[in-house]
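Residue numbers (the working numbering), protein chains in the order written: chain B, 47 to 380; chain P, 47 to 380; chain G, 47 to 380; chain V, 47 to 380.
Source of the hints: derived by calculation from the structure; they are not laboratory data.
Just to be clear, a hint being listed does not mean it is correct.
The list treats identical chains as interchangeable, and a pair is accepted whether it falls inside one copy or across any two copies.
[Said to hold, decoys possible] Quick list of in silico lysine-lysine cross-link-like pairs, DSS-like style, CA-CA up to 27 Å:
1) Lys-224 x Lys-187
2) Lys-304 x Lys-345
3) Lys-216 x Lys-283
4) Lys-334 x Lys-283
5) Lys-348 x Lys-304
6) Lys-348 x Lys-187
7) Lys-129 x Lys-216
8) Lys-334 x Lys-90
9) Lys-93 x Lys-348
10) Lys-283 x Lys-207
There are 4 protein chains.
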Amino acid sequence: MNTFGRNFIVSIFGESHGEAIGVVLDGVPAGIPLAAEDFESDIKRRKSGAKGTTPRIEADIPQLLSGIYEGQTTGAPLAILFKNTNTRSSDYELLAQVPRPGHADFVADVKFDSCNDPRGGGHFSGRLTLPIVAAGVVAKKIIASQVEAEGNEQPCAIHAKIIELGGIPKGDDNRWRKALETAEAEGDSLGAVVECTVSEVPVGLGEPFFDSLESRISHAIFAIPGVRGIEFGDGFKASAMKGSEHNDPFGPDGRPVKNGAGGINGGISNGEDIVFRVAFKPTSSIAKEQNTLNFVTDKMTKLSVPGRHDVCFALRTPVIVEAMAAIVLADQLV
Amino acid sequence: MNTFGRNFIVSIFGESHGEAIGVVLDGVPAGIPLAAEDFESDIKRRKSGAKGTTPRIEADIPQLLSGIYEGQTTGAPLAILFKNTNTRSSDYELLAQVPRPGHADFVADVKFDSCNDPRGGGHFSGRLTLPIVAAGVVAKKIIASQVEAEGNEQPCAIHAKIIELGGIPKGDDNRWRKALETAEAEGDSLGAVVECTVSEVPVGLGEPFFDSLESRISHAIFAIPGVRGIEFGDGFKASAMKGSEHNDPFGPDGRPVKNGAGGINGGISNGEDIVFRVAFKPTSSIAKEQNTLNFVTDKMTKLSVPGRHDVCFALRTPVIVEAMAAIVLADQLV
Amino acid sequence: MNTFGRNFIVSIFGESHGEAIGVVLDGVPAGIPLAAEDFESDIKRRKSGAKGTTPRIEADIPQLLSGIYEGQTTGAPLAILFKNTNTRSSDYELLAQVPRPGHADFVADVKFDSCNDPRGGGHFSGRLTLPIVAAGVVAKKIIASQVEAEGNEQPCAIHAKIIELGGIPKGDDNRWRKALETAEAEGDSLGAVVECTVSEVPVGLGEPFFDSLESRISHAIFAIPGVRGIEFGDGFKASAMKGSEHNDPFGPDGRPVKNGAGGINGGISNGEDIVFRVAFKPTSSIAKEQNTLNFVTDKMTKLSVPGRHDVCFALRTPVIVEAMAAIVLADQLV
Amino acid sequence: MNTFGRNFIVSIFGESHGEAIGVVLDGVPAGIPLAAEDFESDIKRRKSGAKGTTPRIEADIPQLLSGIYEGQTTGAPLAILFKNTNTRSSDYELLAQVPRPGHADFVADVKFDSCNDPRGGGHFSGRLTLPIVAAGVVAKKIIASQVEAEGNEQPCAIHAKIIELGGIPKGDDNRWRKALETAEAEGDSLGAVVECTVSEVPVGLGEPFFDSLESRISHAIFAIPGVRGIEFGDGFKASAMKGSEHNDPFGPDGRPVKNGAGGINGGISNGEDIVFRVAFKPTSSIAKEQNTLNFVTDKMTKLSVPGRHDVCFALRTPVIVEAMAAIVLADQLV
């Protein structure tokens with residue numbers, strides 16, 4: 047249930063305010079060079095601190111507990127641990143009776159018979175995306191080594207970025223900055239759209255129907271908290287196009303002249319860039335007052351969610367989206 | 047690979063022009079009344095014949111080979127077979143050297159070393175959605191029996207419909223008709239958006255992260271040929287909303303006052319209607335000429351795809367979308 | 047639940063007296079030559095007719111419904127169907143209230159709320175081993191093609207045979223014949239031990255711990271009805287040996303000088319013959335009277351199981367044991 | 047690959063001489079009381095120190111990293127860590143060129159391209175049975191809570207014990223002691239047979255064919271290093287019995303008068319005690335000299351395996367066998 051993959055298997059565990067969070071990776075091929083330093087860059091990209099993100103800073107140093115010997119993967123499961131150090135649990139105690147709108151507080155309470163860890167969202171916390179980013183780092187290395195082993199010159203390159211923030215398309219960083227400042231001043235929050243491009247993909251990854259590449263990628267992407275939609279290639283716009291506009295005829299070099307399909311036909315990679323976009327909701331925790339119910343008193347109340355929160359958590363998600371794409375592709379390649 | 051589900055397991059097989067297509071369903075609880083007639087209604091909804099869909103008519107009568115005794119499911123696997131009767135393979139023979147734009151011809155050829163069955167798209171054919179619809183019928187019955195067994199008054203109701211066709215929102219059937227006629231006259235094709243609503247959903251289905259309900263649903267939906275995107279609740283629009291707009295605060299009756307989350311929080315059903323929209327591309331096979339490559343002569347050529355095709359295959363898909371939603375929910379409930 | 051395998055996936059369905067039984071094979075590589083004739087030899091080995099086996103004869107002709115085109119596998123799922131033709135259901139109707147000792151009648155009734163198909167054991171019937179044998183035929187072809195593709199000169203060879211019948215070791219066929227005749231005359235039945243040897247196995251198949259090769263093989267073998275035990279290499283005798291006797295030291299040619307481990311160390315094939323033995327119980331259905339309970343009258347009764355039964359069904363099992371070994375190895379190799 | 051289970055999922059990781067070993071348990075129901083003390087008894091049973099077992103002593107104190115809140119399981123994954131503290135890696139360094147007979151040294155080297163961790167057997171070490179025992183503790187608690195929830199008075203009780211040591215049946219402890227002393231004095235080792243009995247089992251666990259209860263149990267049992275065979279009920283002796291001897295007719299109380307089937311018919315528990323026996327080989331690491339090959343010099347050599355080893359590691363295994371049985375049953379019950 048907290049596990050993904052058929053041959054490269056990712057299992058995450060942990061809670062926001064527990065002792066530690068982590069991930070176990072099974073099916074990692076032997077002989078891939080790997081060190082704690084390899085995780086720094088991607089973990090830093092995910093880390094809080096940027097404009098519009100929460101001031102909570104965790105050290106986020108990965109402990110590699112197993113599966114590595116003399117600087118290389120051994121073929122045995124790789125366990126990666128992150129200690130939780132900077133927790134302020136008291137922030138959350140008042141919320142037991144007033145489930146935060148947009149959060150999993152209510153469903154977690156029902157599903158787990160009130161036994162779930164409520165501190166900081168417990169196991170539902172966005173903090174669990176940290177081990178996912180770590181899994182992504184390993185997945186990217188697996189992809190590079192597998193693609194190389196098959197004689198391709200270029201390994202797949204996976205790159206995700208924000209292309210729209212608070213409804214404002216990329217291009218005018220000034221407008222983005224102002225939108226973030228306004229939202230912060232109002233105690234409100236913003237969402238964003240992330241676009242991910244995977245280039246140099248081998249032809250033939252994926253399957254028709256249930257294991258289509260879109261099925262696998264969307265499965266992984268919707269595991270990221272706060273995702274509201276995903277689209278490939280022309281996406282939702284394709285449904286308003288004619289066949290003669292959306293189709294990708296082959297050109298004289300044997301490659302399609304456009305990429306409306308987003309690199310996938312019949313569930314299988316066609317060698318063009320895989321392109322997909324992910325819609326992230328605005329941060330649910332806002333300081334701005336919301337009218338909601340106190341489930342204990344059964345009376346309506348005003349809630350201003352305390353604690354430290356991102357104005358736009360989506361700013362941190364491109365590296366998480368990349369990690370998920372990498373996890374899916376590594377699972378296809380090993 | 048052609049299998050979906052953890053506890054209710056759906057495995058499909060067959061090719062468009064082979065002897066038969068079918069599905070094996072494992073994990074079906076014992077004691078559910080089931081007869082061939084139960085499939086009629088949904089199969090009819092999927093069947094061709096409507097304006098904008100192909101004139102190819104198959105009998106589409108399900109043969110229930112196993113798993114049923116004296117009109118009830120036995121708990122053993124249910125195998126359902128559909129004979130292929132109305133095939134005109136010669137239509138497709140000329141296409142071997144000119145892969146049809148938008149189809150899987152090219153990737154199938156590469157992935158399966160030219161051993162794939164090319165007739166009518168072979169295993170990639172939309173005809174495989176017929177056993178999926180059959181699986182959906184069984185899944186709907188499972189859901190009803192499971193929800194009833196848990197003492198709920200109302201079983202889940204799953205309903206999908208076209209809400210946008212060729213870019214035209216629902217409401218003006220005349221404009222839809224004209225758009226279809228125009229596209230047909232031009233030898234072109236249209237796409238559509240399908241909206242699916244699942245009501246009376248028990249709270250607590252799904253898991254955080256990798257088995258989130260959105261992950262499972264999107265996985266199944268992208269297994270339908272021709273899907274370009276999926277969104278839940280406010281969907282892509284959520285990324286342009288503020289938190290104070292998108293959040294669903296609880297009202298005095300303990301239920302959220304709106305449903306921007308589409309019935310799912312933290313990957314888990316919250317009891318509200320699950321609402322999602324699916325973008326379907328326009329039919330890839332069009333009579334209109336396309337400039338594309340002949341891979342044998344290595345020269346550009348004009349292609350007018352022969353054979354019988356839907357102007358808008360998406361018109362048939364609401365029942366397929368329902369089937370996929372039902373398959374996911376049945377898998378959660380058994 | 048009726049499915050086995052991670053990458054080569056076998057799903058069986060059907061009942062003894064239903065319309066048909068069959069199997070769906072997913073993950074079959076493309077390009078393997080396959081025809082209905084390829085199944086004849088193994089199906090014949092399993093078929094009834096020999097001394098000590100039931101006179102019920104089914105035609106047992108496989109229908110290849112999908113996954114094959116122009117005499118080769120296509121990479122799409124392979125569905126194989128066998129029609130049931132020669133059924134005499136009335137034999138079994140009297141047994142509803144007196145569950146046959148040694149059969150699944152009682153547990154099936156409890157587990158499936160009396161909805162199971164009781165005719166001829168329904169889904170529990172040994173007849174389901176027919177699609178397993180068919181899956182084994184395909185698996186053997188996969189193994190040959192995969193091993194060949196990796197440049198090995200010799201494909202794995204899998205061979206199983208009876209080494210003990212009714213407690214009498216192989217060697218004196220006259221004693222075996224007499225034991226069968228005596229058991230038949232007494233309306234009683236016999237068991238047997240089957241030994242299976244897989245030679246020319248690549249080094250490195252299997253995993254430590256949960257996917258050890260012994261775990262996978264034993265999992266598949268215990269899916270054959272009537273198995274009571276399995277042992278590898280020195281087997282149970284190993285527990286009475288000293289380390290210096292049981293160990294397999296390496297000899298001057300780099301290969302172990304003996305094979306007490308049965309070709310597997312640490313869960314992984316070591317290149318030597320994989321050798322295992324399987325204990326089959328005597329046929330449960332016997333004409334000889336048994337004192338047992340009538341669950342309806344709640345009184346003890348004498349039961350002589352009517353119908354046609356093998357004196358020693360284990361005589362048919364070597365080809366089934368081979369099929370299971372082949373299925374496991376094919377799953378490792380694809 | 048290092049994972050077992052469908053609904054209660056056990057994933058192990060770690061190496062004998064690495065930083066830590068551990069296990070992640072997914073699918074643990076919420077609300078089960080659990081503390082570090084609960085693990086003490088079973089871990090102590092597995093721990094070394096008894097006559098015939100190695101003097102290496104680890105603290106073996108479990109760290110519960112996640113999935114527990116206020117003394118109860120939360121429904122989120124449970125991660126359990128054991129630090130490795132008492133390692134003497136230098137013992138193993140000389141063995142790189144002389145693979146130890148009976149060990150995985152050779153296959154690990156081939157399978158993992160010489161990248162495996164060789165220290166103390168690395169990931170193949172019997173030390174990995176420690177997290178398995180920990181998983182078993184949780185599994186036993188799940189079983190108790192699930193069986194209780196279904197209204198049964200008695201939870202399943204799982205009990206395993208040595209019934210034969212070095213070929214000597216249980217009964218004469220003096221002969222066992224002497225056999226151990228003799229083997230130790232000779233630098234040799236002994237094997238044993240463990241019998242496991244599960245009582246108060248609900249009727250209906252398991253499935254026909256591929257998920258038979260025997261299939262699942264044997265799969266898990268062969269994941270324990272050093273297992274050579276498993277048999278249920280009458281086991282291998284059943285193959286020498288007549289049907290009239292081996293069958294279990296029902297008695298006047300509705301229960302079988304004997305238990306030759308070992309509590310399982312048609313792959314499904316029948317309510318009687320599940321009884322199975324497991325054959326363990328003698329410890330592979332012996333001080334006694336073995337003639338074997340040096341793979342570097344390509345010359346035969348004499349090997350006396352240095353380091354600390356159990357004369358009979360099987361003495362520690364009853365609690366591991368219980369853990370595996372519990373893991374299988376918990377997976378059926380959640």
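Hints, one by one, checked against the model:
Taking the closest pair of Cα atoms, Lys-224 and Lys-187 never come within 27 Å of each other, the shortest separation being 38 Å inside a single copy and 53 Å across copies. Taking identical chains as interchangeable, the C-alpha atoms of Lys-304 and Lys-345 lie at most 27 Å apart only when they sit on different chains, with a minimum of 18 Å there against 57 Å within one chain. In this homomeric assembly, Lys-216 and Lys-283 come within 27 Å of each other (Cα to Cα) both inside a single copy, at 19 Å, and across copies, at 16 Å. Proximity of Lys-334 to Lys-283 under the C-alpha cut-off of 27 Å is restricted to the inter-copy arrangement: shortest distance 21 Å between copies versus 34 Å within a copy.
Within a single copy, Lys-348 and Lys-304 get their C-alpha atoms only as close as 52 Å, which misses the 27 Å cut-off; across copies the closest is 17 Å, which meets it. For a Cα distance limit of 27 Å, the shortest separation of Lys-348 from Lys-187 qualifies neither inside one copy, at 48 Å, nor across copies, at 42 Å. In this assembly of identical chains, the alpha carbons of Lys-129 and Lys-216 never lie at most 27 Å apart, being 36 Å within a copy and 49 Å across copies at closest. When the C-alpha separation of Lys-334 and Lys-90 is checked against a cutoff of 27 Å, the pair qualifies neither within a copy, at 29 Å, nor between copies, at 51 Å.
Within a single copy, Lys-93 and Lys-348 get their C-alpha atoms no closer than 31 Å, and across copies no closer than 52 Å, so neither meets the 27 Å cut-off. Within a single copy, Lys-283 and Lys-207 get their C-alpha atoms as close as 20 Å, and across copies as close as 18 Å, so both meet the 27 Å cut-off.
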